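Spelled out, the chains give:
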Amino acid sequence: GQQVMQIPQYQHVQEGEDFTTYCNSSTTLSNIQWYKQRPGGHPVFLIQLVKSGEVKKQKRLTFQFGEAKKNSSLHITATQTTDVGTYFCAGSFSGGYNKLIFGAGTRLAVHP
Amino acid sequence: EAGVTQSPTHLIKTRGQQATLRCSPISGHTSVYWYQQALGLGLQFLLWYDEGEERNRGNFPPRFSGRQFPNYSSELNVNALELEDSALYLCASSLRGAGKNIQYFGAGTRLSVL
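Protein sequences appear in the order of chains A and B.
Counted from 1, the first sequence has number 19 at position 19 by our numbering; the numbering is strictly sequential.
Counted from 1, the second sequence has number 1095 at position 95 by our numbering; the numbering is strictly sequential.
The hints are simulated quantities; they were obtained by calculation from the structure and are not laboratory data.
Owing to the predicted nature of the structure, the values given are computational and were not obtained by experimental measurement.
Misleading hints may appear alongside valid ones.
Label pairs and their computed distance ranges (CB to CB) [to be verified]: (1) P39(A) / L1083(B): 21 to 29 Å; (2) Q14(A) / P1070(B): 49 to 57 Å; (3) G1052(B) / E15(A): 42 to 50 Å; (4) N1077(B) / T27(A): 26 to 34 Å; (5) G1099(B) / V84(A): 26 to 34 Å; (6) P1062(B) / G41(A): 24 to 32 Å; (7) K57(A) / H1010(B): 34 to 42 Å.
Only pairs whose alpha carbons sit at most 27 Å apart, straight line, appear in this in silico DSS-like list of lysine-lysine [unchecked claim]: (8) K99(A) / K1100(B); (9) K1100(B) / K36(A); (10) K51(A) / K1100(B); (11) K70(A) / K1100(B); (12) K56(A) / K1100(B); (13) K70(A) / K57(A); (14) K1100(B) / K57(A); (15) K99(A) / K51(A); (16) K1100(B) / K59(A); (17) K51(A) / K36(A).
Ideal Cβ placement from N, Cα and C applies to all residues, glycine included.
Just chain B, same shape as in the assembly:
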């Protein structure tokens, strides 16, 4: 069974540009989560999608947005990139329900903003 896949692996952008990151969850998982992890730091929660709807949002500006498609894959968009957006962006997927929300992470997209 395929795990969570993220693309691209690396992304280099310049300030002010837009970045689009993609995530395919494990088959059967309806929840997708996005996290930002700056170098050497913890996981900062960005967004949570389930069944196509945004369930929760972390403390990030509106230029961070995303969506979940009918096949449960997801996209994270970052507009007007700033230097401090450089980080590893991790996607995770899970089932939904009590005791079932174990998150399985992808390998991440390393975003570098120059």
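Only chain A is shown next, with the shape it has when bound in the complex:
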């Protein structure tokens, strides 16, 4: 079935270190989206990637979509305590109603 695998499950970093979370799908995605959920909050949309090999940046965050449109990554440079939260990827599968499937999320803890 359609699944989106996300690793790692948890990541603890010292403030200033870099962080990366990865998403993989066994089938080609029409697009991939990334969301962030702060502790005690709800998921908030960050970005959508559509094109093969696409790279987008938001300040210290870099998002990549693989050439085969089956994987994606989110990289945070020089983490800050404000980056704490859970990052979810969500893959959209073509056909039907463009079903969106969320990965399990990566929980990021940043130690000052």
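Following the hints, position chain B against chain A.
Okay, now just chain B, sitting in the frame of chain A:
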């Protein structure tokens, strides 16, 4: 523009009771999604409604049901509540179509089953 609104914010029930959770989508959004998020865990997909019809259902027992009304608002019903149903229930809405299915989440309903 108002975001996705959910009510109630908190709900306390006892085992065996029924719970009803409500969601109002962003104006113009026809798709509504329900997720269960147990404490510290990921998003477990429950139900997806679009244009009043159920489009997809997650791996949950039949006592989890819902509906979407003509104004696209939605209701989630949980019958015969069990202790493990205690969780944050999140509703999200989106437009429909390729590249348009970005989900906007409400603040959630915290359900506690005692």
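Right, here's what the structure says about each hint:
1. P39(A) / L1083(B): 21 to 29 Å: 24 Å, holds
2. Q14(A) / P1070(B): 49 to 57 Å: At 53 Å between Cβs, range holds.
3. G1052(B) / E15(A): 42 to 50 Å: Since G1052(B) and E15(A) have Cβ atoms about 48 Å apart, the given range 42 to 50 Å holds.
4. N1077(B) / T27(A): 26 to 34 Å: Given range 26 to 34 Å: holds, Cβ gap about 33 Å.
5. G1099(B) / V84(A): 26 to 34 Å: Given about 30 Å between the Cβ atoms, the range holds.
6. P1062(B) / G41(A): 24 to 32 Å: With Cβ atoms ~31 Å apart, the hint holds.
7. K57(A) / H1010(B): 34 to 42 Å: 39 Å, holds
8. K99(A) / K1100(B): 11 Å, holds
9. K1100(B) / K36(A): Satisfied, since the Cα-Cα distance of roughly 18 Å is no more than 27 Å.
10. K51(A) / K1100(B): Since the Cα atoms of K51(A) and K1100(B) sit roughly 15 Å apart, the hinted pair holds (cutoff 27 Å).
11. K70(A) / K1100(B): 19 Å, holds
12. K56(A) / K1100(B): Cα-Cα ~18 Å, so holds.
13. K70(A) / K57(A): 20 Å, holds
14. K1100(B) / K57(A): 20 Å, holds
15. K99(A) / K51(A): 18 Å, holds
16. K1100(B) / K59(A): Cα-Cα ~24 Å, so holds.
17. K51(A) / K36(A): 21 Å, holds
Of the numbered hints listed earlier, not one is contradicted by the structure.
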